[in-house]
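Chemist: Sequence:
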Amino acid sequence: MLSQIKKAAPLVHCMTNYVVANFTANGLLAIGASPIMADEANEVSEIVSTAQSVLINIGTVNDRTAKAMLLAGKKANELGIPIVLDPVGVGATSYRKQLVQHLLKEIQFDLIRCNAGELAAIAGEDWQSKGVDSGIGEIDIARVAKRVALQYKCLVVVTGESDFVTDGHKGLHIAGGREIATRITGTGCLLSAICAASLASSAKPLEGLVTTLKDYKQAAEQSTEEVGIFAVQMMNALQKLAEVKR
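Residues 1 to 246, numbered by our numbering, are exactly what the sequence shown covers, in order.
Hint data in this document are derived by calculation from the structure and do not stem from the laboratory.
One or more hints might be untrue.
To be verified - Derived DEER-like restraints, expressed as beta-carbon distance ranges:
#1 Q222 - L29: 14 to 20 Å
#2 D126 - K67: 39 to 45 Å
#3 I36 - E243: 20 to 26 Å
#4 G124 - E225: 33 to 39 Å
Virtual Cβ for every residue (Gly too), placed ideally from N, Cα, C.
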């Protein structure tokens with residue numbers, strides 16, 4: 001899928017958080033996509049009009065960027081551009097919960113990409129949040145993810161030791177990757193952006209996402225177990241996978 005993204009070279013409008021903006025932009029460039037990171041309300045509708053997909057990531061959201069996200073999402077819906085929601089830390093505060101509920105009400109997302117804790121918060125399941133980390137709890141991820149997919153009429157990807165992707169009917173678990181990826185800021189956020197690029201590059205969204213998740217886990221497996229250089233090697237592995245001739 002990464003080689004397919006490289007061939008399509010989609011422009012991905014990333015409304016993401018300042019902790020991961022640079023890593024996300026470089027990751028998209030590594031696989032041949034084009035990032036743009038605009039979050040000014042006065043220009044987002046115009047930016048969306050030039051993009052092939054949109055990512056809304058609430059990691060460092062505030063009232064100003066929340067307004068811009070809403071405008072961008074509505075413009076993407078108007079133009080039929082695929083849009084991904086990454087509800088970072090949605091269970092951490094009431095502000096985030098209310099914002100995500102409002103976004104899900106006002107915008108038709110194509111994909112929610114989350115971890116187990118974020119899925120639980122969106123679904124109203126019992127869970128002990130820990131900031132923007134997954135936290136602690138027990139839910140039937142496949143069952144809850146399918147319910148959320150049907151409720152919001154979108155695809156759902158839940159990442160973790162084993163990823164799960166569903167359209168509400170079909171579902172698939174994807175094993176692999178490395179635990180060390182959870183100790184690097186931005187690996188999940190970059191995956192959400194790559195999923196947005198995947199939706200812009202494939203005529204079969206579910207199948208494309210499955211392959212994207214497999215590629216991403218493969219890139220992690222080809223990287224080191226040392227935290228300090230993992231991010232660099234992960235970026236190199238993504239580039240090499242994207243450059244494989246199909």
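Chemist: Decide, hint by hint, whether the structure agrees.
Modeler: Structure-based check of each hint:
no.	hint	in the structure
1	Q222 - L29: 14 to 20 Å	holds (19 Å)
2	D126 - K67: 39 to 45 Å	violated (32 Å)
3	I36 - E243: 20 to 26 Å	holds (23 Å)
4	G124 - E225: 33 to 39 Å	holds (37 Å)
Hint compliance for this structure: hint 2 is the single one not met.
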